[in-house]
Amino acid sequence: MSKKIFITSGGTGGHIIPARCLANHLALQNQQVYFFGDIKTKNYIRLSDNFQTKIIQTSQLQKSPIPLLKSAIKIVTGVIQGLWYFFKIRPNFIYAFGGYASFPMLIASLIFRCPIILHEQNAHLGKVNRLFAKFAWKIAISFPETSGISNAYLNKVIHTGNPVRHEILELKNIEYKIPHFSEQIHHGQNNKIDYNLILASDFYDVVKQKEQINILILGGSGGAKIFSEILPKAFFNLNDETKEALHITQQCRQELVESTSNSYKSFNINARVSHFFENIAEILSTTHLVIARSGSSSLAEFCVAKKPMILVPFALSADNHQYKNAQYIAQNGGAIIIEEKNFTINNVSDTITQILTNRQALMTMSQNCQKIAIVNATYNLANIIDY
Numbered sequence: 084m085s086k087k088i089f090i091t092s093g094g095t096g097g098h099i100i101p102a103r104c105l106a107n108h109l110a111l112q113n114q115q116v117y118f119f120g121d122i123k124t125k126n127y128i129r130l131s132d133n134f135q136t137k138i139i140q141t142s143q144l145q146k147s148p149i150p151l152l153k154s155a156i157k158i159v160t161g162v163i164q165g166l167w168y169f170f171k172i173r174p175n176f177i178y179a180f181g182g183y184a185s186f187p188m189l190i191a192s193l194i195f196r197c198p199i200i201l202h203e204q205n206a207h208l209g210k211v212n213r214l215f216a217k218f219a220w221k222i223a224i225s226f227p228e229t230s231g232i233s234n235a236y237l238n239k240v241i242h243t244g245n246p247v248r249h250e251i252l253e254l255k256n257i258e259y260k261i262p263h264f265s266e267q268i269h270h271g272q273n274n275k276i277d278y279n280l281i282l283a284s285d286f287y288d289v290v291k292q293k294e295q296i297n298i299l300i301l302g303g304s305g306g307a308k309i310f311s312e313i314l315p316k317a318f319f320n321l322n323d324e325t326k327e328a329l330h331i332t333q334q335c336r337q338e339l340v341e342s343t344s345n346s347y348k349s350f351n352i353n354a355r356v357s358h359f360f361e362n363i364a365e366i367l368s369t370t371h372l373v374i375a376r377s378g379s380s381s382l383a384e385f386c387v388a389k390k391p392m393i394l395v396p397f398a399l400s401a402d403n404h405q406y407k408n409a410q411y412i413a414q415n416g417g418a419i420i421i422e423e424k425n426f427t428i429n430n431v432s433d434t435i436t437q438i439l440t441n442r443q444a445l446m447t448m449s450q451n452c453q454k455i456a457i458v459n460a461t462y463n464l465a466n467i468i469d470y
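So the numbering used here is basically just the index in the sequence shown, starting at one, shifted up by 83.
If you are wondering where the hints come from, they were derived from the structure by calculation, not from laboratory data.
One or more hints might be untrue.
[Unchecked claim] Derived DEER-like restraints, expressed as beta-carbon distance ranges:
#1 His330 x Pro198: 45 to 51 Å
#2 Gln115 x Lys255: 27 to 33 Å
#3 Ile241 x Phe195: 19 to 25 Å
[Said to hold, decoys possible] Computed cross-link-like contacts, BS3-like style, restricted to lysine-lysine with a CA-CA straight-line distance of at most 30 Å:
#4 Lys146 x Lys171
#5 Lys125 x Lys260
#6 Lys210 x Lys239
#7 Lys146 x Lys157
#8 Lys239 x Lys171
#9 Lys125 x Lys157
#10 Lys146 x Lys217
#11 Lys210 x Lys153
#12 Lys239 x Lys87
#13 Lys424 x Lys146
#14 Lys239 x Lys221
#15 Lys125 x Lys326
#16 Lys217 x Lys255
#17 Lys146 x Lys239
#18 Lys260 x Lys217
#19 Lys239 x Lys348
#20 Lys239 x Lys137
#21 Lys123 x Lys146
#22 Lys326 x Lys348
#23 Lys308 x Lys146
#24 Lys454 x Lys255
#25 Lys260 x Lys86
#26 Lys217 x Lys239
#27 Lys123 x Lys87
#28 Lys210 x Lys424
#29 Lys217 x Lys153
#30 Lys260 x Lys123
#31 Lys125 x Lys86
#32 Lys87 x Lys171
#33 Lys146 x Lys86
#34 Lys123 x Lys153
#35 Lys137 x Lys153
#36 Lys87 x Lys146
#37 Lys221 x Lys171
#38 Lys239 x Lys424
Since the structure is predicted, the reported quantities are computational estimates derived from the model, not experimental observations.
Don't be surprised by glycine CBs; every beta carbon is placed ideally from N, CA and C.
When you get a sec, could you build the whole thing from the sequences and use the hints?
Structure follows, in structure tokens:
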């Protein structure tokens with residue numbers, strides 16, 4: 084029997100993309116799906132989507148008096164909008180993906196006593212999800228262990244994984260291929276790699292690359308200005324043979340596209356720079372190494388695509404959740420973490436050299452990503468309503 088299902092999300096792609104994946108999946112199962120988000124949601128919704136989208140007034144609470152009043156008015160307006168939709172449609176369930184944008188619909192759901200399914204994308208439970216954990220029917224988590232959940236609510240927890248876009252899921256069947264190295268010489272006591280401490284490893288590889296090395300750099304919704312400042316210079320520090328083989332694809336802030344592109348040109352490094360790439364799945368399919376922030380949705384996609392990573396967690400992320408996300412991938416051998424305070428030109432170039440000049444490092448990291456990828460996360464999350 085068809086169910087009426089509300090899904091609420093918004094704010095950033097990290098919240099919206101997995102929610103959109105679930106919405107499309109449930110709609111294809113002939114469920115009546117209604118997607119509620121803030122104004123930013125429009126940037127992620129496509130004409131091909133099979134669900135109805137409603138924009139709700141909401142805002143992050145501000146500290147200054149006048150902005151605080153304005154944000155409070157928006158939130159109250161959003162709650163009233165939510166109450167109207169609950170009264171009109173009478174949903175069977177509501178899925179909430181955290182973030183400030185989900186708050187008004189969650190308040191409305193409490194008033195109408197609608198069963199709540201929370202989904203946490205990060206390795207630490209976010210503020211809104213923590214606030215509503217007491218009232219939730221189920222709490223779905225993306226990482227095997229998620230901090231910030233009270234022991235009193237552990238019986239509600241289900242490990243589903245984080246939904247990934249269909250076009251990215253198709254990459255799970257594509258074999259990871261490393262660039263062809265014509266020569267490789269190992270030095271050191273052994274060839275065993277500690278991926279968390281690779282800079283301190285006791286070997287060094289001398290290689291000659293014959294094929295293009297594709298590196299994808301994603302700054303996330305914030306654009307990661309530090310990437311534009313450091314990475315062109317770090318790549319310039321590499322040996323000439325490596326630089327000639329590089330092909331860089333970098334996403335950055337719109338206002339930094341021109342200056343970042345000019346930096347690469349001045350160093351004679353092959354690069355394309357843009358604020359947004361529509362064909363990200365196609366780009367990712369041929370990528371050998373990813374350098375990125377550690378937002379949970381991106382990490383889920385990189386793991387499905389089996390891509391080795393250098394992760395630079397955003398130092399100011401709430402509850403340091405980006406570091407916790409990255410830590411899980413690194414502990415399982417799929418990534419190397421460089422904290423922002425250590426993200427220097429020499430440190431970055433040394434790390435890239437160590438990774439690119441060891442075939443087994445790249446291949447093993449790819450295999451480790453595959454081991455921890457959850458390719459059926461969307462199904463797991465959708466099936467909760469059948470419990």
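Each hint tested on the structure:
Between His330 and Pro198 the Cβ separation comes to about 49 Å, which falls inside the hinted range of 45 to 51 Å. As the Cβ distance of Gln115 to Lys255 is approximately 30 Å, the hint placing it in 27 to 33 Å holds. For Ile241 paired with Phe195, a C-beta distance near 23 Å keeps the hint of 19 to 25 Å intact. Our distance criterion of 30 Å between C-alpha atoms is broken by Lys146 and Lys171, whose separation comes to about 35 Å.
With a C-alpha separation of about 36 Å, the suggested pair Lys125 and Lys260 falls outside the 30 Å cut-off, and the hint is violated. Under the criterion of a C-alpha separation no larger than 30 Å, the hint pairing Lys210 with Lys239 is consistent with the structure, at around 17 Å. Proximity of Lys146 to Lys157 is assessed by CA-CA distance (about 15 Å); at most 30 Å being required, the pair is judged to hold. Proposed proximity of Lys239 and Lys171 is supported: the alpha carbons are some 29 Å apart, at most 30 Å.
With a CA separation close to 18 Å, the supplied pair Lys125 and Lys157 stays within the 30 Å bound. Our distance criterion of 30 Å between C-alpha atoms is met by Lys146 and Lys217, whose separation comes to about 26 Å. Proximity of Lys210 to Lys153 is assessed by CA-CA distance (about 21 Å); at most 30 Å being required, the pair is judged to hold. Distance check on the hinted pair: Lys239 and Lys87 sit about 22 Å apart at the alpha-carbon level, within 30 Å; holds.
Taking the CA atoms of Lys424 and Lys146, the gap is about 28 Å. The hint holds against a cut of 30 Å. Note on Lys239 and Lys221: the hinted pairing holds, with a Cα-Cα distance of about 5 Å set against a maximum of 30 Å. Of the supplied pair hints, the one linking Lys125 and Lys326 is violated, its CA atoms being roughly 39 Å apart against a limit of 30 Å. The suggested pairing of Lys217 with Lys255 is violated, with an alpha-carbon distance near 36 Å, which exceeds 30 Å.
Taking the CA atoms of Lys146 and Lys239, the gap is near 34 Å; set against the 30 Å cutoff, the hint is violated. Distance hint between Lys260 and Lys217 is unfulfilled; the C-alpha atoms sit about 46 Å from each other, more than 30 Å. Restraint check for Lys239 and Lys348: the C-alpha separation of about 53 Å exceeds 30 Å, so the hint is violated. Proximity of Lys239 to Lys137 is assessed by CA-CA distance (about 28 Å); at most 30 Å being required, the pair is judged to hold.
Distance hint between Lys123 and Lys146 is fulfilled; the C-alpha atoms sit about 22 Å from each other, no more than 30 Å. Of the supplied pair hints, the one linking Lys326 and Lys348 holds, its CA atoms being roughly 12 Å apart against a limit of 30 Å. Annotation: proposed proximity of Lys308 to Lys146 holds, straight-line Cα distance about 26 Å (limit 30 Å). A hinted pair counts as satisfied when its Cα atoms are at most 30 Å apart, and Lys454 with Lys255 qualifies at roughly 11 Å.
As the CA atoms of Lys260 and Lys86 are separated by approximately 44 Å, the hinted pair breaks the 30 Å bound. Of the pairs offered as hints, the one joining Lys217 and Lys239 holds, with about 10 Å between alpha carbons and a cut-off of 30 Å not exceeded. Between Lys123 and Lys87 the CA atoms are separated by roughly 24 Å; this keeps the pair inside 30 Å, and the hint holds. Annotation: proposed proximity of Lys210 to Lys424 holds, straight-line Cα distance about 26 Å (limit 30 Å).
Taken as a hint, the Lys217 and Lys153 pair is honoured in the structure, with Cα atoms around 28 Å apart against an allowance of 30 Å. For the given pair, Lys260 sits about 36 Å from Lys123 by alpha-carbon distance, which is inconsistent with the 30 Å threshold. For a cut-off of 30 Å, the pair hint linking Lys125 to Lys86 stands: about 25 Å separates their Cα positions. For a cut-off of 30 Å, the pair hint linking Lys87 to Lys171 stands: about 11 Å separates their Cα positions.
With a C-alpha separation of about 40 Å, the suggested pair Lys146 and Lys86 falls outside the 30 Å cut-off, and the hint is violated. As the CA atoms of Lys123 and Lys153 are separated by approximately 18 Å, the hinted pair is consistent with the 30 Å bound. With a CA separation close to 21 Å, the supplied pair Lys137 and Lys153 stays within the 30 Å bound. A hinted pair counts as satisfied when its Cα atoms are at most 30 Å apart, and Lys87 with Lys146 does not qualify at roughly 37 Å.
Taking the CA atoms of Lys221 and Lys171, the gap is near 25 Å; set against the 30 Å cutoff, the hint holds. With a C-alpha separation of about 38 Å, the suggested pair Lys239 and Lys424 falls outside the 30 Å cut-off, and the hint is violated.
The earlier numbered hints that this structure contradicts are 4, 5, 15, 16, 17, 18, 19, 25, 30, 33, 36, 38.
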